[in-house]
Amino acid sequence: MSLLEVENLWVRFPTRQGVFDAVRGVSFTLDRERLGIVGESGSGKSMTGRAILRLIRKPGIVEADYIKLEGQNLLELTEPQMREVRGQRISMVMQDPKFSLNPVMTVGDQIMEAYLLHNNTSKAQARAKSIAMLEAVSIRDPERVMRAYPHEVSGGMGQRIMIAMMLIPDPQILIADEPTSALDVSVQRQVLDIMDGLVKERGMGLIFISHDLNLVSEFCDRVLIMYAGRIVEVCDADKLHQAQHPYTRGLLNSLPRLDQPRKHLEVLKRDDTWADAASVRGGQ
Amino acid sequence: MTALGIDNLNVWFGTDRDRVDAVKAARFDVAIGESFGLVGESGSGKSTILRAITGLAPTWSGGITVEGKALQGAKRDREFYKTVQMVFQDPYASLHPRHTVDQVLSETLHLHGMADIDARVERLLHDVGLGKRFRFRYPHQLSGGQRQRVAIARALAGEPDILLLDEPTSALDVSVQAEILNLLTDLREEHKLTYLMVSHDLPVIGHMCDRLAVMKDGEIVEIMQSDDLRNNTAKHAYSQSLLAASVVG
Chain W
1 MSLLEVENLW VRFPTRQGVF DAVRGVSFTL DRERLGIVGE SGSGKSMTGR AILRLIRKPG
61 IVEADYIKLE GQNLLELTEP QMREVRGQRI SMVMQDPKFS LNPVMTVGDQ IMEAYLLHNN
121 TSKAQARAKS IAMLEAVSIR DPERVMRAYP HEVSGGMGQR IMIAMMLIPD PQILIADEPT
181 SALDVSVQRQ VLDIMDGLVK ERGMGLIFIS HDLNLVSEFC DRVLIMYAGR IVEVCDADKL
241 HQAQHPYTRG LLNSLPRLDQ PRKHLEVLKR DDTWADAASV RGGQ
Chain Y
1 MTALGIDNLN VWFGTDRDRV DAVKAARFDV AIGESFGLVG ESGSGKSTIL RAITGLAPTW
61 SGGITVEGKA LQGAKRDREF YKTVQMVFQD PYASLHPRHT VDQVLSETLH LHGMADIDAR
121 VERLLHDVGL GKRFRFRYPH QLSGGQRQRV AIARALAGEP DILLLDEPTS ALDVSVQAEI
181 LNLLTDLREE HKLTYLMVSH DLPVIGHMCD RLAVMKDGEI VEIMQSDDLR NNTAKHAYSQ
241 SLLAASVVG
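Protein chains in written order, with full-length UniProt numbering: chain W, 1 to 284; chain Y, 1 to 249.
Keep in mind that the hints were calculated from the coordinates and are not lab data. Hints are supplied without guarantee of correctness; some may be wrong.
Derived lysine-lysine pairs resembling DSS-like cross-links, with alpha carbons at most 25 Å apart [said to hold, decoys possible]:
hint, chain 1, residue 1, chain 2, residue 2
1, Y, 132, W, 269
2, Y, 192, Y, 69
3, Y, 24, Y, 75
4, Y, 69, Y, 82
5, W, 263, Y, 192
6, Y, 235, Y, 24
7, Y, 216, W, 98
8, W, 68, W, 200
9, W, 58, W, 68
If you anchor each label on the Cβ, the simulated ranges turn out as follows [what the hints assert, rightly or not]:
hint, chain 1, residue 1, chain 2, residue 2, range
10, W, 236, Y, 245, 15 to 25 Å
11, W, 15, Y, 111, 31 to 41 Å
12, Y, 13, W, 31, 42 to 52 Å
A few chain Y residues that don't get close to chain W, going by computed Cβ distances all over 12 Å [to be verified]:
hint, residue
13, 30
14, 32
15, 62
16, 76
Virtual Cβ for every residue (Gly too), placed ideally from N, Cα, C.
For reference, chain W alone in the conformation it holds in the complex (with noise of 0.2 Å):
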């Protein structure tokens, strides 16, 4: 049994102009492994992740035949089952630190108050583990910047914070929707050897949403490809350079490169079939 299967997953949102299928029928499997979704924005790579939480607000619709966590129907849990699920069992790194930390409390106060809410020990130690946390994500002054408010540390810094604060408790699988956008190459790679250390470790699912193809190739072990809301094309990740769909050698093609020096870039010529034809299912 996978650790999660998607099954036939929709999600719909409702507008003036008729129903907006952001992603029509995606089906996959996760195991204790690294599972990168590329696609580019609009795809349904985000929606697909926050739909697995059940983080889709009203009007937004989800629809599948079931997404199993361990065999559990998440689609059939309460409201408060499933609050049991966010965070301790299933958590997610959002894309946006400015919009996921909160403005007006201290970055320590809150990583702290991740930490209390999950374990039950004294302000001391979760001061002291925070730091910790802080450190595990290369931050290099976590004494000044547990002092800080997000709007005085840099996105890339505040991203750092969120990845430090998801970890705390310990999940099954982590839902990481585009955490290293925002870094620089070097710090990526401390922050992806940290999730990659987690995943080897402890066991642990990687849902990793990006749009950069080079880095989930590198890092993933198997690499599902979104355009308008389908999966047009699956692939180990060391294969990903190999890919044969037009749209994945296009975006492959537009990527400058340091050891091809031209003048003009490859642009992205669109063919209105890929969405249309049907989505490749995801796993066995």
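Put chain Y on the given structure of chain W with help from the hints.
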């Protein structure tokens, strides 16, 4: 003559124990028509240099010259904004949500004291590859790439010589990034612009710039040619590690 001269520039924020020295003794020159890149990690001070030039970071010391003219303090005169314009990182945040593209561009043209605004708006939109049908749209009716095009059009409104580009494509998809970078390449040629571009993405800087400075903790550790980047002949250990981390494995 140099377009931009930065000499022994220091920029700091805060006081006492919360004082942060964002830029320390930075020194470089950008020739007219050159495209110069600043790379480094977040917090290395690369955006702060741009902000000091435009007067958005008031606490600085040292020398900044724009086309031979030295700048003082945080005040910038009209002449400055006709010479130097900036394109910001996040096209979602840098456009007024309740102003149409037409209002954004007309107002900017008006502030620059331009005549013949109507025709100019059309020309600007044409220059950045947006058709007439985008003219009366609001930002929320545009995609990220289209918004960045509007932001570039706004920067071009005063017919500047120098564009400061602060991570102009890092909020965009790679497919859109390619379009915007191509646009910037073409505009530089057509309008004979000088670019000072900040990015954390080495391949993007390598693609766009002739020379670049590598920054770390507020200091410039190395200034090199883009070819050095390509041939992997960076001298400083930090630039090498940055390069190693961003080359496709």
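We went through each hint and held it up to the structure:
1. Between residue 132 of chain Y and residue 269 of chain W, the direct Cα distance comes to roughly 22 Å. Compliance with the 25 Å bound is thereby established for this hinted pair.
2. Distance restraint check for residue 192 of chain Y and residue 69 of chain Y: the Cα-Cα separation of roughly 20 Å lies within the 25 Å cut-off, and the hinted pair is therefore satisfied.
3. The hinted pair formed by residue 24 of chain Y and residue 75 of chain Y meets the criterion: a straight-line CA distance of about 21 Å does not exceed 25 Å.
4. With a C-alpha separation of about 14 Å, the suggested pair residue 69 of chain Y and residue 82 of chain Y falls inside the 25 Å cut-off, and the hint holds.
5. Among the hinted pairs, residue 263 of chain W with residue 192 of chain Y is consistent with the structure: their alpha-carbon atoms are about 16 Å apart, no more than 25 Å.
6. At roughly 20 Å between alpha-carbon atoms, residue 235 of chain Y and residue 24 of chain Y fall within 25 Å of each other, so this suggested pair holds.
7. Among the hinted pairs, residue 216 of chain Y with residue 98 of chain W is consistent with the structure: their alpha-carbon atoms are about 24 Å apart, no more than 25 Å.
8. At roughly 22 Å between alpha-carbon atoms, residue 68 of chain W and residue 200 of chain W fall within 25 Å of each other, so this suggested pair holds.
9. A distance of roughly 22 Å separates the Cα atoms of residue 58 of chain W and residue 68 of chain W; the hinted pair therefore holds under the 25 Å criterion.
10. At about 23 Å, the beta-carbon gap between residue 236 of chain W and residue 245 of chain Y stays in the expected band of 15 to 25 Å.
11. Between residue 15 of chain W and residue 111 of chain Y the CB atoms are about 37 Å apart, so this pair conforms to the stated range of 31 to 41 Å.
12. Range check, residue 13 of chain Y to residue 31 of chain W: about 47 Å between beta-carbon atoms, so the 42 to 52 Å window is met.
13. Every C-beta of chain W lies more than 12 Å from that of residue 30 of chain Y, the closest at about 20 Å, which supports listing it as non-interface.
14. Taking the minimum C-beta to C-beta distance to chain W, about 20 Å, the non-interface status of residue 32 of chain Y holds against the 12 Å cut.
15. The non-interface label for residue 62 of chain Y is consistent with chain W: the shortest C-beta to C-beta separation is roughly 23 Å, beyond 12 Å.
16. Chain W leaves residue 76 of chain Y outside its interface by the beta-carbon criterion, the shortest separation being 25 Å against a cut-off of 12 Å.
Checked against the numbered hints above, the structure breaks none of them.
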